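Q: Listed below are the residues making up each chain.
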Amino acid sequence: MVKQVHLAAHFPGVNNTTVWSDPAAGSHIEFDSFKRFAQTAERGFFDFLFLAEGLRLREQKGRIYDLDVVGRPDTFTVLAALAAVTEHLGLTGTINSTFNEPYEVARQFASLDHLSQGRAAWNVVTSWDRFTGENFRRGGYLAQEDRYERARTFLQTVNELWDSWSGVSVVADKESGRFLSEAGPGRFRHEDRFFDIEGQFNVPRSPQGRPVIFQAGDSEDGREFAAQGADAIFSRYATLTEGKAFYEDVKGRLAKYGRSRDDLLILPAASFVLGDTDAEAEELAHQVRRAQVSPQTARNFLEQLWNTDLADFDVDGPLPSFDPAVEGDLISKGRASVRQLAKDPVALANEWRAKAEAEKLSARDLVIEVTGRQTFIGAPATVADRIDEFVQQDVSDGFILVPHITPDGLAPFVDQVVPLLQEKGVYRTEYDGTTLRDNLGLKYP
Amino acid sequence: MTDELHLGVALDGAGWHPGAWRRPQARPHDLFSPRYWADLVLEAERGHLDLVTFEDALNLQSDQLGAQDDRNDRVQGRLDAVLIAARVAPLTTGIGLVPTVIATHTEPFHISKAIATLDFAARGRAGVRVQLGLWPHAFRHFGRREVPAFDLSRIGEPDQQRLLAEYFDEGADYVEVVRRLWDSWEDDAEIRDVATGRFVDRDKLHYIDFEGRWFSVKGPSITPRPPQGQPLVTALGHQEIPYQLIARATDLGFVTPNSAAEAAATSSRIAELAAGRAVSVWADLVVVLDDTEQAARDRLANLNELAGVEYTSDAKIFAGTPAQLADLLQEWDLTGYRLRPAELPHDLTQITRGLVPELQRRGVFRTEYPSNPTLRGLLGLERPANRYTSA
Numbered sequence: 001m002v003k004q005v006h007l008a009a010h011f012p013g014v015n016n017t018t019v020w021s022d023p024a025a026g027s028h029i030e031f032d033s034f035k036r037f038a039q040t041a042e043r044g045f046f047d048f049l050f051l052a053e054g055l056r057l058r059e060q061k062g063r064i065y066d067l068d069v070v071g072r073p074d075t076f077t078v079l080a081a082l083a084a085v086t087e088h089l090g091l092t093g094t095i096n097s098t099f100n101e102p103y104e105v106a107r108q109f110a111s112l113d114h115l116s117q118g119r120a121a122w123n124v125v126t127s128w129d130r131f132t133g134e135n136f137r138r139g140g141y142l143a144q145e146d147r148y149e150r151a152r153t154f155l156q157t158v159n160e161l162w163d164s165w166s167g168v169s170v171v172a173d174k175e176s177g178r179f180l181s182e183a184g185p186g187r188f189r190h191e192d193r194f195f196d197i198e199g200q201f202n203v204p205r206s207p208q209g210r211p212v213i214f215q216a217g218d219s220e221d222g223r224e225f226a227a228q229g230a231d232a233i234f235s236r237y238a239t240l241t242e243g244k245a246f247y248e249d250v251k252g253r254l255a256k257y258g259r260s261r262d263d264l265l266i267l268p269a270a271s272f273v274l275g276d277t278d279a280e281a282e283e284l285a286h287q288v289r290r291a292q293v294s295p296q297t298a299r300n301f302l303e304q305l306w307n308t309d310l311a312d313f314d315v316d317g318p319l320p321s322f323d324p325a326v327e328g329d330l331i332s333k334g335r336a337s338v339r340q341l342a343k344d345p346v347a348l349a350n351e352w353r354a355k356a357e358a359e360k361l362s363a364r365d366l367v368i369e370v371t372g373r374q375t376f377i378g379a380p381a382t383v384a385d386r387i388d389e390f391v392q393q394d395v396s397d398g399f400i401l402v403p404h405i406t407p408d409g410l411a412p413f414v415d416q417v418v419p420l421l422q423e424k425g426v427y428r429t430e431y432d433g434t435t436l437r438d439n440l441g442l443k444y445p
Numbered sequence: 001m002t003d004e005l006h007l008g009v010a011l012d013g014a015g016w017h018p019g020a021w022r023r024p025q026a027r028p029h030d031l032f033s034p035r036y037w038a039d040l041v042l043e044a045e046r047g048h049l050d051l052v053t054f055e056d057a058l059n060l061q062s063d064q065l066g067a068q069d070d071r072n073d074r075v076q077g078r079l080d081a082v083l084i085a086a087r088v089a090p091l092t093t094g095i096g097l098v099p100t101v102i103a104t105h106t107e108p109f110h111i112s113k114a115i116a117t118l119d120f121a122a123r124g125r126a127g128v129r130v131q132l133g134l135w136p137h138a139f140r141h142f143g144r145r146e147v148p149a150f151d152l153s154r155i156g157e158p159d160q161q162r163l164l165a166e167y168f169d170e171g172a173d174y175v176e177v178v179r180r181l182w183d184s185w186e187d188d189a190e191i192r193d194v195a196t197g198r199f200v201d202r203d204k205l206h207y208i209d210f211e212g213r214w215f216s217v218k219g220p221s222i223t224p225r226p227p228q229g230q231p232l233v234t235a236l237g238h239q240e241i242p243y244q245l246i247a248r249a250t251d252l253g254f255v256t257p258n259s260a261a262e263a264a265a266t267s268s269r270i271a272e273l274a275a276g277r278a279v280s281v282w283a284d285l286v287v288v289l290d291d292t293e294q295a296a297r298d299r300l301a302n303l304n305e306l307a308g309v310e311y312t313s314d315a316k317i318f319a320g321t322p323a324q325l326a327d328l329l330q331e332w333d334l335t336g337y338r339l340r341p342a343e344l345p346h347d348l349t350q351i352t353r354g355l356v357p358e359l360q361r362r363g364v365f366r367t368e369y370p371s372n373p374t375l376r377g378l379l380g381l382e383r384p385a386n387r388y389t390s391a
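Keeping their order, the protein sequence lines are chains A and B. For the first sequence, the working numbering begins at 1 and goes up steadily by one. For the second sequence, the working numbering begins at 1 and goes up steadily by one.
No wet-lab data here; the hints were simulated from the structure. Because the structure is a prediction, the values reported are computed rather than measured. If a hint is listed, it holds; no wrong ones were tucked in.
With a cut-off of at most 20 Å between alpha-carbon atoms, the simulated SDA-like pairs for lysine to any residue come out as follows:
no. : chain 1 : residue 1 : chain 2 : residue 2
1   : B       : K218      : A       : Y141
2   : A       : K174      : B       : D63
3   : A       : K61       : B       : K218
4   : B       : K204      : A       : E59
5   : A       : K3        : A       : F45
The shape of chain A in the complex, shown without the other chains (with noise of 0.2 Å):
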């Protein structure tokens, strides 16, 4: 059988993808919009429903960013609400081990396992940084190199708890009064450097005994830590060369762990544009960035590699001609910035100034130029091979697709590319199983 595409759904959350100009776009907030969303990816047999997560606002120049998407709901909340709307549809909530504490943590992932019979997962992220913490009355912030050794003991702390009632189940016998299998359930002790509890866990053991685990980073802690743990991995790589690079290196680090290639899914998050013809999306797709990209935005992402207030600068003009300031304080806050990423940000400007001018690109073409493409652009048939393409050549495993639009953006691929896939034999016809271990086919703990 040949290899059986995956499929996640992502809710798009306050970056500039979502188009919210755009007529179509409803609210970002309303449960409805929640559960039109996951409905649909659920009507298209798509694995799970992704949440990113934001705790605090983002800043740019000392004030909140107000170009994109401001502002997003509770993710536990949502999803626990989305299992009453849902029979099928894992929910996968991206929750920090940062601003944290495991205990509550634990028993959050397995109510909502419980409370959606078995379809819960999640992303587990390392926000670390002082602005962050300001909105937290606990713990603060840690140092940087620090939160990944804290993301790793909070897991495993996580997975003592949710394993402190293995062996214990409610038998609730009203004839003998014996409610448990054994009394005194949940028993835990775990001490490190950054927690030290003990006690009794208050959550039987959920129907997937742990949650799905996703990790998101992509450093080369991130990717150790993924490969010791995790099961699925939220990838950026969603291109041919890149994607296969990844793809070898994370599954080559498994079996240090005696995990096998099978133990732990790809999934780059993936967007789409398409249309009746290649040549109809692309132009769509073309509008699609603009959109995406205003001069207001291309201004502000500017702004973050050149850490210089750019406000009176015409974007439809040539690049600054300046060097990008290297001291001082970050200007923006609260997101991962183009300056966080850039090593040297002289050189990148300067890179970007040589393609500018070689490509005759204005300052707002070169930002859309380079903040990168729709993943897949084309009439139903070309993005049904790209993807059947891309999963067979071990680019990955399968896509987190996040459409421009909330939150009806999703329905054109599962109505146009899904049957295709379907066609090919690539993609079920109907899920596998209950839980959302056994529709990724992963292993119960």
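Given chain A's structure and the hints, the job is docking chain B onto it.
A: Quick look at chain B alone, frame taken from chain A:
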């Protein structure tokens, strides 16, 4: 027509009586299933009740207050109350949903957005019951700070009262942060102004800049202001220090009087402490209800037998007929009551199918929900103005 009563039901496990799970109609195997909670809340909604509360704790149940007892003849384990409330929200349209949160061990930032989101999912029917977590063994589940052990057996002594006051002061700060975060977005902050490319008017988002003795929180919330503006804040109290929290921080206090006189005294004490702030006061009652008083008393005796102990409670235990309970509710003359069914689903259906029709016959309880109700609306409370909105 007399003033209308308000009614809530407090849901907990198989019911409040420790013997409840062993009764013939109990569903102890389903306590961790979504269907169980949906069935209960839908039944409460059929009775047009104002609200249901969901109990919670960050430790296992125990007969021994303040310590684990590892008894194996009691219900053990529970699901997160906020998530249960969220799970039933899309299935309901009329009833208020009020989960318990433990303020001592959780982050006000997280809870504020969780309850705001519950309010979105329930279209304006969310509340929260704020509880302090005092038990030393629950502190050990978090290990974040050294605390002087609270000793329930010495609760009346000055050092324990001082300790209690500190926990409740922290609770008051917690509620203040949660409330400021709900207000940290003005209602019309989302503008989607295509001409200027701005999604929000950031002048309508506010840093809350809370600085207190126990924690500081910057804000604004990541979640916009919820439909009710301020979801309903409630707390349970048994003595002066909790009454102060109820009076200064909540919209609704649950209290546990034993008589009409005590009910009146407690209610006026809270009004006095509130000093003009509007706070509703409801009495909690554990209820064992049957068609005859004898049947109710017999069943209570059977529950005690199944539990192996005579049940006691912080609240008055009422065993009798729905009509007798209706008499008591009218005699006590409070604005509302939170009834704790001793046995689920039995005592819940006695409330919805016995007590409610009786109160309706007497003209003191609603016969249907208004269209698109909010919880505040059901209780006759206004939608509060935003504290940050400039005139």
